[in-house]
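Undergrad: Respectively, the protein sequence lines represent chains A and B. Numbering-wise, the working numbering puts 18 at position 18 of the first sequence, and it's gapless, one number per residue. Throughout, the working numbering is defined as the position within the second sequence, counted from one, plus 1000.
Read the hints as simulated data drawn from the structure, not as lab findings. Cβ atoms here follow ideal geometry from the backbone N, Cα and C, with glycine treated the same way. Accuracy of the hints is not assured; some may be wrong.
[Said to hold, decoys possible] Only part of the chain A face toward chain B is listed, based on derived beta-carbon distances under 10 Å:
#1 GLY11
#2 PRO13
#3 CYS33
#4 ARG42
#5 PHE52
[To be verified] From the structure, some residues in chain A lie toward chain B, with a derived Cβ separation under 7 Å:
#6 ALA15
#7 THR21
#8 THR30
#9 PHE45
#10 CYS51
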Amino acid sequence: MSETLTVRVNGTPVAVSVGSTVAVAVLLSTGVCRASVSGQPRAPFCGMGTCFECRVEINGRSHQRSCQVMCEANMEINAHG
Amino acid sequence: MDSVAQRSFDVAVVGAGPAGIAAAVAASRSGARVALIDDNPAPGGQIWRGGASAPHHPEAGHWLDELSKSGATFIAGTRVFYAHNGALEVESDHSLCQLLYGKLILATGARELFLPFPGWTLPNVFGAGGLQALVKSGLPVNGKRVVVAGTGPLLLAVAAYLSERGADVLCICEQAPISQLRAFALALASFPRKLVEAAQLRFRSRRAPYFTSTWPVAAIGQERLQSVQISDHHRVREIECDFLACGFHLVPNLELARALGCRVMDGCVEVSEFQETSQPGVYCAGEPTGIGGMELAIVEGQIAGYAAAGRIISAKQLLATRARNRKVVSALKEAFALRPELATLAKSDTLLCRCEDISLADAQKHASWRAAKLHSRCGMGPCQGRVCGAAAEFLFEWTMDSSRPPIFPVRCSSLAAISSPASPAPRLGGSP
């Protein structure tokens, strides 16, 4: 198996393989990245940085596209659908 | 104001997929100082995501190796948000830079076309290439029940890829009729390699039935996807699944070309024999000049790279190869033309704009893309119409006639730091 590292999504530890993006960590945990402007749950969609559906807060910085950011050990991810 | 870091290159290439890599390698080999800029953390673009480890793309290893030996500077995780004449304003997560260039090569690639249907905003509904990209980025799909739907050769590639990673691909729904696909196979007769590839992809995805003239009509679920309804015009079937991977072929990324004032015709950047756009010194290669796949992108990239570096003889030697590969463009267009039923999937309350949650009915009230933007905020969210704009082109035959800066959402501090480089007036095209 490939090596793993642990990040936290909404405070809960999630193990992902090294090289995974933050979108993967979210899909492996809550499965939802954000609430839309009308309150619907949204999750990664285009997978390549164009649709902006997968925005989350990473280490205190909001509106990061989780599909374009690699997981790093102990990253704090806030994804609130 | 604090001065922003400046870096200067003979040739700047935007986009590190096959076209951009080939362009950067060709220009570097010709002695130019080259910067290759990409939004992603690693070069390869979408098709070579995962890099040299991509087992079914032997070219990936070759070109990534050539790139690393070429001396070109790869600038990762970086977005171009403003284009002057002779300079690009670029932002990464931690820095801001003004990149001065002598020649510019746009290799901005394509994105998937997404069409709205009821439930398409549910979690676990992905693009087709979208799900593949996520799996390449580490998402396990072992045991997941997946429906692959939409149109284009990508569906087969995605189904094959997911199957090999343990997904249970329940079916592949291709909206095109079998007659068009047969004609496509005939048109590819002079590209035996592509036919072999298609056969291999079908073999690798053989456990999933391949339905033609079949398309998704709705995604069902409360908080997330539970099932998909598919139609073949005669009947609608509902299939329970974990993931829907759905894309309707590709549309070129034209934002930067439009911002620079490059002429766009029929949705593609117009280029000369040597891949130069209507703006002198600005070249374009790969999908933005017409969706034609990797082989065409590579040869166009090489021509643009050599031409931008002044090596016209080297560029000329590739023109015949390009002419041969260009035949794929029209073949793809005809084979995977969208059926009119797809324009009727969205109901009046189905969202068209996923950023601003604007329904089809609210957008449809307006006469044009611009009017819809101004009055409903459709296309005004963070994706800047990258998703709903292309859908609206198909649904309402609206045209996107301009691209306004910033062409990518950026920090306010980055916007505030924009300053003209050598020339006083930024050259931004399109109508206001």
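Undergrad: All the hints need checking, so say for each whether the structure fits it.
TA: Hint check results:
Interface restraint check for A:GLY11: the shortest CB-CB distance to chain B comes to about 20 Å, outside 10 Å, so the restraint is violated. For A:PRO13, the interface hint is violated, the least distance from its beta-carbon to any beta-carbon of chain B being 16 Å, above 10 Å. Look at A:CYS33: its Cβ gets to within about 8 Å of chain B, closer than 10 Å, so that hint holds up. Satisfaction of the interface hint for A:ARG42 is found here, the shortest Cβ-Cβ separation to chain B being roughly 7 Å, below the 10 Å cut-off.
The criterion of a C-beta within 10 Å of any C-beta in chain B is met by A:PHE52, whose closest approach is roughly 4 Å, and the hint holds. With a cut of 7 Å, the hint placing A:ALA15 at the interface with chain B is violated, because the nearest CB-to-CB distance is about 11 Å. Because the beta carbon of A:THR21 sits about 4 Å from the nearest beta carbon in chain B, less than 7 Å, this interface hint is met. Given the 7 Å rule on beta carbons, the hint for A:THR30 is violated: about 9 Å separates it from the nearest Cβ of chain B.
Evaluation of the A:PHE45 hint against chain B yields a held restraint, the C-beta minimum of about 6 Å falling below 7 Å. The restraint placing A:CYS51 at the interface with chain B holds, with a minimum CB-CB distance near 5 Å, inside the 7 Å limit.
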